[in-house]
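S.K.: Sequence:
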Amino acid sequence: MTAVDEGVLTQEVFEDLARHAVRADEALRLEFVNGKLGVKAVPDGDHGQIIEWLTRQCMQADPGRWLYAEQGLRIETYRKGNARLDGAFARSGTFAGQGEWANPDGVLMAVEVTSYDDDTDRRDRVEKPRAYAETGIPVYLLIDRETCEVKVHSQPDGVRYETVVTVPFGKTVGLPDPVGFELDTEPLKNWVR
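Under the numbering used here, the first residue of the sequence shown carries the number 1, and numbering increases by one thereafter.
The set of hints was computed from the structure by calculation and includes no laboratory data.
A virtual CB, placed ideally from N, CA and C, is assigned to each residue, including glycine.
You may find that some hints are simply not true.
[What the hints assert, rightly or not] Beta-carbon label-pair distances, calculated as ranges:
| id | residue 1 | residue 2 | range |
| --- | --- | --- | --- |
| 1 | Arg193 | Gly99 | 14 to 24 Å |
| 2 | Met59 | Asp177 | 14 to 24 Å |
| 3 | Tyr116 | Glu70 | 10 to 20 Å |
| 4 | Glu70 | Val164 | 20 to 30 Å |
| 5 | Val167 | Thr10 | 32 to 42 Å |
| 6 | Glu52 | Cys148 | 16 to 26 Å |
[Stated by the list, open to error] In silico lysine to any residue, SDA-like type, Cα no more than 20 Å apart, as pairs:
| id | residue 1 | residue 2 |
| --- | --- | --- |
| 7 | Lys151 | Val179 |
| 8 | Lys151 | Phe181 |
| 9 | Lys171 | Gly158 |
Given the sequences, and given the hints that come with them, work out the whole structure.
M.R.: Structure follows, in structure tokens:
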């Protein structure tokens with residue numbers, strides 16, 4: 001009897017399933033967050049442009065750190081999970097030699113950019129902030145294209161982020177330490193529907 005026959009999806013079964021799904025359909029990305037199998041939409045052109053823009057901002061702030069796009073991480077401290085972040089901000093070389101699902105140690109900021117799909121609310125606004133806070137990632141940056149807002153979550157307490165700062169696109173927002181730089185969100189107005 002396998003883990004799936006018993007109604008439980010294990011870490012190993014998920015990783016095997018995710019590898020096969022990518023080969024079967026390039027438009028499918030699987031995640032395993034809070035014990036639930038999820039599908040993540042493939043990014044559109046504006047989504048990619050936002051990641052490019054944010055990568056440039058990160059490089060200007062500190063060339064020794066990098067925004068790793070589409071980085072797979074093992075998340076959650078007690079419920080084993082896997083998330084494919086739109087961006088994982090960390091020191092250059094942090095993920096070398098770790099494979100597809102890396103350890104989250106060394107991630108300074110998790111970044112998600114909302115997609116225009118039915119699952120965005122649950123995935124990006126509810127489950128991921130909790131999972132990243134449980135994992136201890138210091139900052140979670142949500143670029144919400146539906147509400148035209150940026151949300152900066154910080155001070156994880158092991159259950160949730162204690163501080164959330166929300167600003168509309170067009171304002172400048174501070175990314176707290178260990179990220180430690182200001183982000184002018186004006187350009188984000190160009191990449192929404």
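S.K.: Each hint should be assessed against the structure and marked as holding or not.
M.R.: Hints, one by one, checked against the model:
At roughly 36 Å, the beta carbons of Arg193 and Gly99 sit outside the given window of 14 to 24 Å. The hinted window of 14 to 24 Å between Met59 and Asp177 holds, with their beta carbons roughly 18 Å apart. Range check, Tyr116 to Glu70: about 18 Å between beta-carbon atoms, so the 10 to 20 Å window is met. In this structure, Glu70 and Val164 meet the distance hint of 20 to 30 Å, their C-beta atoms being roughly 25 Å apart.
About 40 Å separates the C-beta atoms of Val167 and Thr10, a value consistent with the hinted range of 32 to 42 Å. Here the CB-CB span from Glu52 to Cys148 is close to 19 Å, well matched to the stated 16 to 26 Å. Restraint check for Lys151 and Val179: the C-alpha separation of about 15 Å stays at or below 20 Å, so the hint holds. With a C-alpha separation of about 15 Å, the suggested pairing of Lys151 with Phe181 holds against the 20 Å cut-off.
Restraint check: the Cα-Cα separation between Lys171 and Gly158 comes to about 29 Å, which exceeds 20 Å; the hinted pair is violated.
In this structure, the hints that do not hold are numbers 1 and 9, in rising order.
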